[in-house]
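Residue numbers (the numbering used here), protein chains in the order written: chain A, 1 to 114; chain B, 1001 to 1109.
It should be emphasised that the hints constitute simulated quantities derived from the structure, not laboratory data. All C-beta atoms in this analysis are idealised placements derived from N, C-alpha and C, irrespective of residue type, glycine included. Any given hint could be a false lead.
To give an idea of the interface, some chain A residues facing chain B are shown, with a C-beta separation under 10 Å as derived from the structure [stated by the list, open to error]:
| no. | residue |
| --- | --- |
| 1 | I4 |
| 2 | G40 |
| 3 | G53 |
| 4 | Y64 |
| 5 | S94 |
| 6 | Q103 |
| 7 | P107 |
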Amino acid sequence: IAGITQAPTSQILAAGRRMTLRCTQDMRHNAMYWYRQDLGLGLRLIHYSNTAGTTGKGEVPDGYSVSRANTDDFPLTLASAVPSQTSVYFCASSIAGGSYNEQFFGPGTRLTVL
Amino acid sequence: GQNIDQPTEMTATEGAIVQINCTYQTSGFNGLFWYQQHAGEAPTFLSYNVLDGLEEKGRFSSFLSRSKGYSYLLLKELQMKDSASYLCAVRDGDYKLSFGAGTTVTVRA
């Protein structure tokens, strides 16, 4: 693989169910991010990780959790999904620090919670 | 926190020039990015400004004024494939990005 992959591509989920969105990158980037994108609101940061073993909360963290056991993987878990979590979820990665470090985005996961 | 404003929609004719403005009010500033996002796809990087002035990259240019909290993305010689959303994003001191809601540009023949 090259870049960032996300799985699944799309999912329909019943409210109350647990769901993990997967994200894997092979660029050896130390920083990774999870965003949700909703119409009219743009991309909003859910959680981030500047290096393996550390995570931080973004703008909209409630109802979501993340882990960063290694450099490549950054899964996002919805413990008990609610309809307001219906969105398109993007994972991104970058080199942390420095002055010019663009974020690279995965293809996204379209999640519908009914 | 960050407050980033950009127009919702713009329409232009093939071959023309379009300027997308972005204003921001931030608690910290460590660079401004522009991303392009085609419908149903992931955002892709277009440009980066951290110092005042104009950065030119082919048909796309981006300008920054830190004192005014203002940036613009200039798209020249518009092509149909330029129809997309353009996202303005400000990076804070912790290297996290805050995005505007995006500007949808429609290019007409």
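How the hints compare with the structure:
no., hint, in the structure
1, I4, "8 Å, holds"
2, G40, "6 Å, holds"
3, G53, "17 Å, violated"
4, Y64, "16 Å, violated"
5, S94, "8 Å, holds"
6, Q103, "6 Å, holds"
7, P107, "5 Å, holds"
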